[in-house]
Amino acid sequence: MNIQQYISSGIIENYVLGLASSEEAQELERLAAEHPEVQAAIDNYQASLEQLADLYAVQPPADLKTKIWESLSHADEGSSRYDEPALQAGPGLQEQRSPVSMSGWKWLAAACLVLLIGSATLNWIYFNKYRDYKERYDAMAFNQQTILADNQVYKTRLEEFRQDMHIMMAPSMKPVVMQGVKTHPGMMATVYWDQNSKDVYMVVNNLPAPPSGKQYQLWAIIDGKPVSAGLYDMTDPSKMVQKMKNIQGNVQTFAITLEQKGGSSTPTLDQMYVAGNV
Amino acid sequence: MSNYSSYPEAELVDLLKGRDEKAYSYLYDHYSAALYGVVLRVLNSEEAARDVLQDVFVKIWRNIQSYDAGKGRLYTWMLNIARNTAIDVLRSRRFKDDQKIRELDNAVHVNVPAMSTTMFVDHVGLSKVMDQLSEEQQRLLNLAYFRGYTQEEISKELEIPLGTVKTRIRNTLIQLRNILQRS
Numbered sequence: 000m001n002i003q004q005y006i007s008s009g010i011i012e013n014y015v016l017g018l019a020s021s022e023e024a025q026e027l028e029r030l031a032a033e034h035p036e037v038q039a040a041i042d043n044y045q046a047s048l049e050q051l052a053d054l055y056a057v058q059p060p061a062d063l064k065t066k067i068w069e070s071l072s073h074a075d076e077g078s079s080r081y082d083e084p085a086l087q088a089g090p091g092l093q094e095q096r097s098p099v100s101m102s103g104w105k106w107l108a109a110a111c112l113v114l115l116i117g118s119a120t121l122n123w124i125y126f127n128k129y130r131d132y133k134e135r136y137d138a139m140a141f142n143q144q145t146i147l148a149d150n151q152v153y154k155t156r157l158e159e160f161r162q163d164m165h166i167m168m169a170p171s172m173k174p175v176v177m178q179g180v181k182t183h184p185g186m187m188a189t190v191y192w193d194q195n196s197k198d199v200y201m202v203v204n205n206l207p208a209p210p211s212g213k214q215y216q217l218w219a220i221i222d223g224k225p226v227s228a229g230l231y232d233m234t235d236p237s238k239m240v241q242k243m244k245n246i247q248g249n250v251q252t253f254a255i256t257l258e259q260k261g262g263s264s265t266p267t268l269d270q271m272y273v274a275g276n277v
Numbered sequence: 000m001s002n003y004s005s006y007p008e009a010e011l012v013d014l015l016k017g018r019d020e021k022a023y024s025y026l027y028d029h030y031s032a033a034l035y036g037v038v039l040r041v042l043n044s045e046e047a048a049r050d051v052l053q054d055v056f057v058k059i060w061r062n063i064q065s066y067d068a069g070k071g072r073l074y075t076w077m078l079n080i081a082r083n084t085a086i087d088v089l090r091s092r093r094f095k096d097d098q099k100i101r102e103l104d105n106a107v108h109v110n111v112p113a114m115s116t117t118m119f120v121d122h123v124g125l126s127k128v129m130d131q132l133s134e135e136q137q138r139l140l141n142l143a144y145f146r147g148y149t150q151e152e153i154s155k156e157l158e159i160p161l162g163t164v165k166t167r168i169r170n171t172l173i174q175l176r177n178i179l180q181r182s
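Same order as they appear, the protein sequences are chains A and B.
Be aware that the first sequence starts at 0, since it is given in numbering that gives the first Met the number 0, and climbs by one per residue.
Be aware that the second sequence starts at 0, since it is given in numbering that gives the first Met the number 0, and climbs by one per residue.
Treat the hints with care, as some may be off.
[Claimed, not checked] In silico DSBU-like pairs for lysine-lysine, Cα to Cα no more than 35 Å straight-line: (1) A:Lys66 x B:Lys21; (2) A:Lys64 x B:Lys21; (3) A:Lys154 x A:Lys224; (4) A:Lys181 x A:Lys154; (5) A:Lys173 x A:Lys105; (6) B:Lys127 x A:Lys105; (7) A:Lys66 x B:Lys165; (8) A:Lys105 x A:Lys66; (9) A:Lys197 x A:Lys105; (10) A:Lys105 x B:Lys70; (11) B:Lys16 x A:Lys64; (12) A:Lys213 x A:Lys224; (13) A:Lys197 x A:Lys181; (14) B:Lys155 x B:Lys165; (15) A:Lys64 x B:Lys127; (16) A:Lys242 x A:Lys197; (17) B:Lys165 x B:Lys127; (18) B:Lys16 x A:Lys66; (19) B:Lys165 x B:Lys70; (20) A:Lys64 x B:Lys155; (21) B:Lys70 x B:Lys16.
Derived from the structure by calculation, the hints contain no laboratory data.
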């Protein structure tokens with residue numbers, strides 16, 4: 000190709016005026032890269048058109064700069080209005096963000112974040128309060144259970160006392176006080192003998208706790224012969240009044256001896272603690 | 000108007016690509032008048048030109064990364080954006096409708112291509128240059144550069160053969176170049 004002929008063909012003029020077809024433009028750009036004189040011709044005309052533009056220059060309205068400045072600050076967001084396929088910007092465009100203002104969604108995101116933090120804080124506070132109340136509630140519930148159980152115990156005990164009292168206050172009841180013998184002065188126990196039913200009840204007023212393996216046994220002396228009236232259990236302090244064996248016959252004396260656990264068939268006389276005549 | 004007074008162009012381009020605010024301010028201060036002039040010349044409406052100039056700067060902002068200094072100077076690149084954006088608006092249907100209403104209202108500027116020469120008659124430098132072009136050359140330049148006519152459209156408009164259009168455009172540009180180099 001004769002370059003001078005190409006230069007004078009009019010294609011460069013068409014190109015700089017924007018009249019060349021895209022094929023023509025591509026060929027020209029290729030040739031311009033290879034032939035400096037073609038590039039020089041293009042530069043030359045472009046410089047002329049730049050000068051012409053200088054001559055046509057008109058100062059835009061004064062307020063326009065501010066308005067444009069504002070639109071530039073939003074230019075990187077959304078709106079495809081300004082995207083030209085041929086001029087599509089590369090990934091580099093996304094790196095720099097407008098320095099001027101935050102867009103709507105950023106405010107929204109910030110607001111959401113604030114709400115989230117607020118909500119999380121309240122959750123934390125309320126959870127702690129809840130945990131505190133839960134602990135207190137559990138403690139109170141436990142206390143109430145204990146009180147109820149104790150109450151049941153007292154109620155039972157009171158009922159027992161009432162029955163004991165009822166037994167001892169009965170008009171048919173004959174009390175027999177047993178005083179400490181010589182070897183055990185100051186000791187005392189009482190037998191309540193129902194004259195109708197012949198049931199025998201016993202209360203310990205003052206006896207030492209028996210040594211391990213030993214137990215107190217009540218005896219009724221009928222016509223000079225001792226008859227066992229049963230064993231007294233000292234291990235349960237709530238059972239003050241204990242029902243002994245039913246004793247028929249003409250009893251002169253009630254007495255208590257310390258015997259092997261389980262009781263004896265005859266009393267160990269030197270281990271007698273208390274005795275009392277009917 | 001000295002466009003390259005304080006920034007070497009390569010440095011300016013780098014700053015623009017880096018979204019440097021001062022560089023954009025500088026760009027606006029030094030080029031907005033020329034770009035606005037071209038847009039105004041194409042659209043002949045200040046209201047439309049304002050909007051288009053805004054679009055032009057947004058396009059520069061958004062597309063600066065794809066600007067290739069090897070293919071031409073920044074000023075030419077921006078002029079082409081301004082010119083193409085304005086011509087797109089000129090060709091858009093809505094603008095044509097607006098323009099028709101305007102013409103009915105004024106009933107003055109019937110010959111649209113011709114009016115542009117009268118519009119900037121107070122611009123001494125421009126008229127001095129234009130005076131040295133023939134009327135046909137002025138119309139050719141106007142149709143091709145400021146109105147985005149194709150060669151076929153120019154051929155029809157000026158009633159000259161297509162082959163002749165090419166030759167006369169070339170002659171017009173050569174003469175324009177010579178005039179500008181002398182002045």
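These are the hints, each one checked on the structure:
Only pairs whose Cα atoms come within 35 Å are accepted, and lysine 66 of chain A paired with lysine 21 of chain B is accepted, the gap being roughly 16 Å. Distance check on the hinted pair: lysine 64 of chain A and lysine 21 of chain B sit about 13 Å apart at the alpha-carbon level, within 35 Å; holds. With a C-alpha separation of about 42 Å, the suggested pair lysine 154 of chain A and lysine 224 of chain A falls outside the 35 Å cut-off, and the hint is violated. At roughly 41 Å between alpha-carbon atoms, lysine 181 of chain A and lysine 154 of chain A are farther apart than 35 Å, so this suggested pair is violated.
At roughly 99 Å between alpha-carbon atoms, lysine 173 of chain A and lysine 105 of chain A are farther apart than 35 Å, so this suggested pair is violated. Between lysine 127 of chain B and lysine 105 of chain A the alpha-carbon distance is near 55 Å, which puts this suggested pair outside the 35 Å criterion. Restraint check: the Cα-Cα separation between lysine 66 of chain A and lysine 165 of chain B comes to about 41 Å, which exceeds 35 Å; the hinted pair is violated. Of the supplied pair hints, the one linking lysine 105 of chain A and lysine 66 of chain A holds, its CA atoms being roughly 22 Å apart against a limit of 35 Å.
Distance check on the hinted pair: lysine 197 of chain A and lysine 105 of chain A sit about 99 Å apart at the alpha-carbon level, beyond 35 Å; violated. Restraint check for lysine 105 of chain A and lysine 70 of chain B: the C-alpha separation of about 39 Å exceeds 35 Å, so the hint is violated. About 20 Å separates the Cα atoms of lysine 16 of chain B and lysine 64 of chain A, which keeps this hinted pair within 35 Å; it holds. In summary, the hint linking lysine 213 of chain A to lysine 224 of chain A is supported, as the alpha carbons are separated by about 23 Å, within the 35 Å threshold.
Proximity of lysine 197 of chain A to lysine 181 of chain A is assessed by CA-CA distance (about 30 Å); at most 35 Å being required, the pair is judged to hold. The hinted pair formed by lysine 155 of chain B and lysine 165 of chain B meets the criterion: a straight-line CA distance of about 13 Å does not exceed 35 Å. Using a Cα cut-off of 35 Å, the hinted pair lysine 64 of chain A and lysine 127 of chain B holds, with the two alpha carbons roughly 30 Å apart. Only pairs whose Cα atoms come within 35 Å are accepted, and lysine 242 of chain A paired with lysine 197 of chain A is accepted, the gap being roughly 11 Å.
Taken as a hint, the lysine 165 of chain B and lysine 127 of chain B pair is honoured in the structure, with Cα atoms around 25 Å apart against an allowance of 35 Å. Restraint check for lysine 16 of chain B and lysine 66 of chain A: the C-alpha separation of about 21 Å stays at or below 35 Å, so the hint holds. Distance restraint check for lysine 165 of chain B and lysine 70 of chain B: the Cα-Cα separation of roughly 23 Å lies within the 35 Å cut-off, and the hinted pair is therefore satisfied. Of the pairs offered as hints, the one joining lysine 64 of chain A and lysine 155 of chain B is violated, with about 40 Å between alpha carbons and a cut-off of 35 Å exceeded.
A hinted pair counts as satisfied when its Cα atoms are at most 35 Å apart, and lysine 70 of chain B with lysine 16 of chain B qualifies at roughly 17 Å.
Hint check: violations occur at hints 3, 4, 5, 6, 7, 9, 10 and 20; the rest are consistent with the structure.
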